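Peer 1: Below are the chains, spelled out letter by letter.
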Amino acid sequence: MDDGGHAYAIREGFRINWMNMRDAATGQVMWESGEWDCGQDEMEAQIPCEILRCKQISRELNFSSLEVLTSLRLVQSVIFKGEPLEEWNFHFGFVIPNSTNTWQQTIEAAEEEEMLPAELLSGNVVIETTFFDGDYPIMTQRVRIWYV
Amino acid sequence: MGLLGLLKKMKKDDMEARILILGLDNAGKTTILKTMTSEDISHTMPTQGFNIKSIMQDGFKLNVWDIGGQEAIRPYWSNYFENTDGLVYVVDSSDTRRLEESSRELKQLLAEEKLAGIPTLVFANKQDLMSAAGAEDVSAALELDFIGDRVWQIQACSAKTGEGLQEGMEWLVGNCRKG
Ligand SMILES: Nc1nc2c(ncn2[C@@H]2O[C@H](COP(=O)(O)OP(=O)(O)OP(=O)(O)O)[C@@H](O)[C@H]2O)c(=O)[nH]1
Ligand SMILES: [Mg+2]
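Each protein sequence line maps, in turn, to chains A and B. Each residue of the first sequence is one higher than the one before, counting from 5 in the working numbering. Each residue of the second sequence is one higher than the one before, counting from 2 in the working numbering.
In case anyone wonders, no lab produced these hints; they're calculated from the structure. None of the hints are false.
Listed next, with one range per pair, are the computed distances between beta-carbon atoms:
{"#": "1", "chain 1": "A", "residue 1": "59", "chain 2": "B", "residue 2": "43", "range": "21 to 29 Å"}
{"#": "2", "chain 1": "B", "residue 1": "26", "chain 2": "A", "residue 2": "52", "range": "33 to 41 Å"}
{"#": "3", "chain 1": "B", "residue 1": "164", "chain 2": "A", "residue 2": "16", "range": "43 to 51 Å"}
{"#": "4", "chain 1": "A", "residue 1": "15", "chain 2": "B", "residue 2": "146", "range": "46 to 54 Å"}
{"#": "5", "chain 1": "A", "residue 1": "45", "chain 2": "B", "residue 2": "46", "range": "23 to 31 Å"}
{"#": "6", "chain 1": "B", "residue 1": "149", "chain 2": "A", "residue 2": "22", "range": "42 to 50 Å"}
{"#": "7", "chain 1": "B", "residue 1": "152", "chain 2": "A", "residue 2": "134", "range": "35 to 43 Å"}
{"#": "8", "chain 1": "A", "residue 1": "16", "chain 2": "B", "residue 2": "49", "range": "12 to 20 Å"}
{"#": "9", "chain 1": "B", "residue 1": "147", "chain 2": "A", "residue 2": "139", "range": "40 to 48 Å"}
{"#": "10", "chain 1": "A", "residue 1": "85", "chain 2": "B", "residue 2": "148", "range": "49 to 57 Å"}
{"#": "11", "chain 1": "A", "residue 1": "148", "chain 2": "B", "residue 2": "39", "range": "24 to 32 Å"}
{"#": "12", "chain 1": "A", "residue 1": "124", "chain 2": "B", "residue 2": "49", "range": "40 to 48 Å"}
These numbers come from a predicted model, not from an experiment. No residue lacks a Cβ here, since even glycine has one placed at the ideal position from N, Cα and C.
With these hints in hand, go ahead and build the complete structure from the sequences.
Peer 2: See below:
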């Protein structure tokens, strides 16, 4: 198989199954995506605005790969009105063929006084996650956040 | 920054530690992690790959890697050895028939060059079960007293009740080589 064929197979065999967000202090799920529709370019999440009062939140992502990957990494950015504000990189490295994997990231929330009100954030925040194998992009998913 | 307000900006030069959790299938690795993050443990499925928990606090970053323990997955364990700062080996203390198999896998890990000298914590898990062997019996079955090339510790625990988990992990993180 040539490189292009292999890259195609990786993409075809890769999927994000679900995502969720929790109050990290209690482990309580604040939002979960359910089965992910991979065909959708942007997905919407209705998140209870209480999450803005959580001291720590965790975001979890579950994905599968049919193919073996040697150098999986992810870039996740939080975008507010089109401006990237925060960015995380995570290097997974090796991915077992035919595997299902999860990555959960727990982060501290900002101090309450630094926080924008929910009305201002709602609908203007997008969490964008891109997976790469080495330098090669596999897929990008966007979740637009609505605080309800 | 901080304007988005959802998350604090990550500091530069943070300390980072990588913990690897291994052990036979059904030992309780994933349940241990879930209990430590207060998650519901009633629907835990066998791990068909890895589960990673990245925890960031006060500029300190902890990445915990839990890899599936099924026999078919074990040949892939070695892909996750690199840069490990601490090893957790989980044993189902109630499954006395498999202590020998568990001992064999641990010895192979301890012989790995990439894990040489890495501080090692053995969790004698499932202590809430009547049938569980005590930490001393698990230690004897795994011949831990013969480990001479690293700091190690055995900790009785129950992923179900949470007993022993914090003590064990605090010992390990405290013994990790830093930075
Ligand atoms: N009674 C009791 N059951 C436990 C304990 N820890 C785990 N279990 C149960 O043991 C089973 C296996 O737990 P897992 O956490 O999935 O085991 P694992 O080591 O992650 O297994 P693999 O992912 O296949 O490697 C589950 O049914 C758990 O509920 C414990 O401390 N006490
Ligand atoms: Mg597991």
